[in-house]
Every structure is written in structure tokens, then in C-alpha cells.
Amino acid sequence: MTDVRTLAGLEVEVVPGSTDPVLAIHGLSSNRRLWNWLRAEAPELSLIAPDLRGRGGSVAVGGPSSVARHAQDMVAVLDELGLESVTVCGMSMGGFVAVALATAHPSRVRAVVLVDGGFPMAVHEGLTADGVRAAFTAQAARVDRAFADVEEYADFVLPGMPLLDRHDPLLRDYLAHDLAGGRVRLDPDVLVADATDTVLGPSRWRELDRPTRLVHAQWSTGPDSPPAYPPERVAQFAAGLPALQATELVEGVDHAASIMTRRGAAVLARHLSAVLAPSAG
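Residue 219 is where the sequence shown starts when you use the numbering used here, and the numbers rise one by one after that.
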């Protein structure tokens, strides 16, 4: 049975299973229910899924915030759980946090599995600090609205995620976790600070020495949109980083659908199984 705890000030869902634990780190404006599809696809996985500071059940844990600060939060969560090292899975910004964790605290990380994140994104090239702040301040404006129910909230957010099935109960559960009393549980200042750091901040990805895998989407937002990781870019990462042991393009999905669909989750589950297998060590 799922166990929800407060660890290092964060609300954390601990999902028991038959595998070694996987620390699952969600994305920028997301929450821990992002892993609903992975849980459905691979119920054997033991997951540690926090709501990052400023989101969901951890919305009251404010800034200052950054990718490095989230990595420190993850160390504190592992400390409270008494876990010396784990496999880390991160999606989008969560991938950048996973890389920061693995490079700053390599002894705490056995392997890294990234989902459309963690390495510099092609779609971010040319963005300035003002551009990032403007884009994500607009995204954070949903906190100023009151939503009558999950249905109205879905009407608001799903146009930006065109490949998701609004009737999917896993999606409805994910959206419901964003809300409390009709309000979105998201700290705008934390969101903008994290977005700026993810897009423009320094990255130590070249220092990765933990076994790493990257699952990446064919598109960014809907069919034929430019992907965050074009195949030629992924090939450059693989050529320049010995730790990057496997990559896989998930066809027919965009950034959100790379994890928020059973198709995307099945690919991720396969890569997690590979690094969790006894022979992987």
C-alpha cells in the first residue's frame, strides 16, 4: 500500500514493490502523480516519489529554489529513509535534478534514467532570462484562478498537452493532485526560478559517471513540433559521454506523452528494469 510521508519537509509518496528503490523526480510544473502511468505499467517497481518544493503537497516549501537546491532536497529525503544509494529517474526538469544529484553526490546514485530531460535542450537555444521569465510567469498565472472542478482545470491545461487522453483516469488523478479547494498548488516564484535555472543555469552533465540512459520524445508539443532532443543531438551526447549507455527515441509521443501515456511509460519501465536487474551492477 502507498505510504505518504513528510520527509525533509516534502510530501513524499513511498510505493513498495519487489525491486530496489527508484527515486522518481517529476518535472517543472508537475507533481508526483506524474508517475501514475509508470506505476500502472510496472507495478513491481519500488518508487520514492516526492512533490518537489513549491508543488502539490510540498507547495508550502518555498524558495529560494534551483536545480541544485532540489538535488540537496533529494539527498535529505534519502537520508531520512536511510537509503545510501538508489537508481534515480527524472523527467524534464526532474532529469536536470537527477544529473545534479548524480554529479554532486555520486555515491548516492547507482544509475540514472532520464525522460526527455537532463541534457541541454534544443528547444531552449536562444532563450534569454527575460524570455524564460515571461514564458513561465504566464504559465504560473493559473494559480490566480479558481477552478470549479477537475473538468474545468482539464479544459485549461490540456490544450498544451494535445496527445493526452482527457478521459484517462490516471490523467484525472494527476490533475486532481494539482488542486486544493479549486486552487492550483504551485508556487509561481519557485516555478520561475527553477525554469530560469533549468534553461540558463550551469549543468555538470559532462561529469556524469553513473550508468545513464536517455528516453526521448519524437516531438515537443504535438505532432511535427521540433523535439527537445533531435536524434543528431542525442548522438553527440552519446559520443561525448561514456556514461550514456543507452538512448531510445519514443516515436509518436511528445514531451508530456513520453511519460503520461502507457506507450511512453512502457519504454521507461523497460529501461528501469535493465538498470535494476542484478546483472546491471
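Worth flagging that the hints you see were computed from the coordinates, not collected in a lab. Idealized CB from N, CA, C, for every residue including glycine. There's no promise every hint is true.
Ranges between beta-carbon positions, derived for each pair [claimed, not checked]: (1) Glu369 to Ala492: 17 to 23 Å; (2) Arg351 to Asp386: 29 to 35 Å; (3) Ala495 to Pro449: 40 to 46 Å; (4) Ala322 to Leu376: 32 to 38 Å; (5) Gly344 to Asp442: 19 to 25 Å; (6) Gly281 to Asp221: 24 to 30 Å.
Status of each hint after checking the structure:
1. Glu369 to Ala492: 17 to 23 Å: violated, 39 Å
2. Arg351 to Asp386: 29 to 35 Å: holds, 32 Å
3. Ala495 to Pro449: 40 to 46 Å: The hinted range 40 to 46 Å is violated for Ala495 and Pro449, with Cβ atoms some 27 Å apart.
4. Ala322 to Leu376: 32 to 38 Å: Roughly 36 Å apart at Cβ, these two residues keep to the hinted range, so it holds.
5. Gly344 to Asp442: 19 to 25 Å: With Cβ atoms ~20 Å apart, the hint holds.
6. Gly281 to Asp221: 24 to 30 Å: holds, 28 Å
Hints 1, 3 from the earlier list are contradicted by this structure; the remaining hints agree with it.
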